[in-house]
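Chemist: Residues per chain, in single letters:
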Amino acid sequence: MGRYLLRRLILLVPVLLGVSVVVFLVLHLAPGDPAEIMLGSQATQEDVARLRADLGLDEPLPLQYARWMAHVVQGDLGRSIRMRQPVLGEVLIRFRATLLLAATALILSTAGGIALGVLSAARPRSLVDRLSTLGSIFGASMPSFWLGLVLMVCFSLWLGWLPASGMYGARGTGGLGDLLSHLALPAVTLAAASMTIIARLTRSTMLDVLRQDFVRTARAKGLVERGVVLRHALRNALIPTVTVVGVQAGYLLGGAVLTETVFAWPGVGTLMIQGILARDFPLVQGCVLVIALVFVLFNLAVDLLYAFLDPRIRYE
Amino acid sequence: MSPSRLLSRIPRNQLALAAGLVIAAAGLAALLAPYLPLLDPDVVDTPNRLRPPGSPGHLLGTDEFGRDMLARLVWGARISLLAGVATATASMLVGVLLGLHAGYWGGRVDTVVMRLTDILMAFPYILLAIAIVAGLGPGLTNAMVAIAIVGFPLYARLVRGVVLSLREREFVEAARALGSPDRVILRRHLLPHLLAPVVVAWSLDVGAKILATAGLSFLGLGSQPPTADWGSMLATARTFVVLRPHVALLPGLAIFVVVLSLNVLGDALQDFLDPRLRHN
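These protein sequences, in sequence, are chains B and G.
Here my numbering is used: the first residue of the first sequence is 3, the next is one more, and so on.
Here my numbering is used: the first residue of the second sequence is 336, the next is one more, and so on.
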């Protein structure tokens, strides 16, 4: 396991370097002078010159990258032009909200997806199975931001059960109940598509496992069906699910950007969109870099977990 | 009859036929939009703003500026469908070209292409598209460029995998032994084998690309007002969803129905082209 871990960590280096190059180049994609674009047409020549100097835009590109990286590895992601604050602090504050949303959605989609998958596999061609299949086709086709709006119309506007936006109510207590009621709709919206994918995979692996000899033996021993499905089959069917859950966690981090916008959730996604519309490049770079880093590290963790669960992976 | 029996009675090919009809109708409406008896999608008529569906002269109601929803949905189909097809095609062309060469030549070409796809796939899909639009600036063309860039690694990896298994096969060896140049082997012997998997991937990808473009427009990074596009219609309608839910629900429903039909068609195509799946 130690050697596998080392190999994976070495492989991470070029990917991280590549990610940093892409994020760095975001600033330089725009045709024209980034400083002028950031400050807009109202800016004076002095302001533009000052920003150019601050960002080191007069230097050759490789030198700019090296300087930027030297700051990044020390935790300095620059200063936001719009907020006049260090980017890292602002991104980390907002990242907590994003992480809360994505983690809740991940728990919902994993628990719901596995439960649906097991129920479908235990009774193939039943109503639950067919509805779950239908749900998986719908899940892949439904824009998450639209699902969010539909849920908002139903549960906030028509039924009045849950708040429509934000993280805490203006007149709310600011306590856990207030937070959970605000979290419910965005988390369900974000979890829906992943849940259908996890359900599909769990169903197909469970169907494979249920056909194997050890399951037949367990049944022949006279164990109750529930015990056979949950204790014998499910344990073996969960290994591929772990990988998909990991992939979905990354998707949830990206998808959170859209969901946050629908529900005005104060996460890093809404911060990034505000940054883009205000042409605040350091802020955008900071947001993208932090999300991408977490995504890469999470994928590594999932691969390691997978190698731990299935020793064959380590020797490939 | 129980609902499960009812559902099982819909054969797959009929479902695919229905999906095909939806796509054909949406495509025709988009193509013929200038010739259809529709109101101007951009004409503002504030006294008639936010009319509900079924109002006189406005079958699907009006939006926050009194513009006809039906006309905007049909004109929006032009942009949304075009964006889906164009970005999926661009991703496919770049991906096939890179994957073909990476798989065939191996060595350094393969390493460079694969590391490039590794890096691009190290970002959550939509995040990278957003980052590229952030650099290029908001707008429909830039959003489409971003989505096409983000999408090509999928094709590159798929094609590389197929080519890796094909290049050692006897027919390639025979062509090489007969003195065919690499260019001919790539074009005449390998490319035709890629058609089926690439067409299936492309057909499933168009729907995903429509969703991605609509997503960027929803965030304000794609098509800009007053251009009608399903994603941006949803974005502007968000503010009025309390007063009139139809302004937000209709464009979303259009995206959902079209993408669902594309996915059903893609699945059917996959079953048709892969004999192993045909009887499942």
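By construction, these hints were calculated from the structure, which means they are not laboratory data.
Fair warning: this is a prediction, and the values are worked out from it, not measured in the lab.
Every residue gets a Cβ at the ideal spot worked out from N, C-alpha and C, and that includes glycine.
Certain hints may be false.
[Stated by the list, open to error] Which residues of chain G face chain B? A few of them, derived with a C-beta cut under 8 Å, are: (1) A360; (2) V447; (3) R450; (4) A457; (5) Y460; (6) L546; (7) A549; (8) L556; (9) P560; (10) L569; (11) N598.
Chemist: Evaluate each hint against the coordinates.
Modeler: Hints, one by one, checked against the model:
At a threshold of 8 Å, the smallest CB-CB gap from A360 of chain G to chain B is about 17 Å, leaving the interface hint violated. A least Cβ separation of about 11 Å between V447 of chain G and chain B goes past the 8 Å threshold, and the interface hint is therefore violated. Taking 8 Å as the C-beta cut-off, the interface hint given for R450 of chain G holds, the closest approach to chain B being about 6 Å. Of the supplied interface hints, the one on A457 of chain G holds, with its beta-carbon coming within about 5 Å of a beta-carbon of chain B, less than 8 Å.
The criterion of a C-beta within 8 Å of any C-beta in chain B is met by Y460 of chain G, whose closest approach is roughly 6 Å, and the hint holds. Given hint, L546 of chain G at the interface with chain B, holds; its Cβ is 6 Å from that chain's nearest Cβ, closer than 8 Å. Evaluation of the A549 of chain G hint against chain B yields a held restraint, the C-beta minimum of about 6 Å falling below 8 Å. This hint holds: L556 of chain G has a C-beta 7 Å from the nearest C-beta of chain B, less than the 8 Å allowed.
Taking 8 Å as the C-beta cut-off, the interface hint given for P560 of chain G is violated, the closest approach to chain B being about 14 Å. The closest approach between the C-beta of L569 of chain G and any C-beta of chain B is roughly 6 Å, which is under the 8 Å cut-off, so the hint is satisfied. For the restraint placing N598 of chain G at the interface with chain B, the shortest Cβ-Cβ distance is roughly 5 Å, inside the 8 Å limit, so the hint holds.
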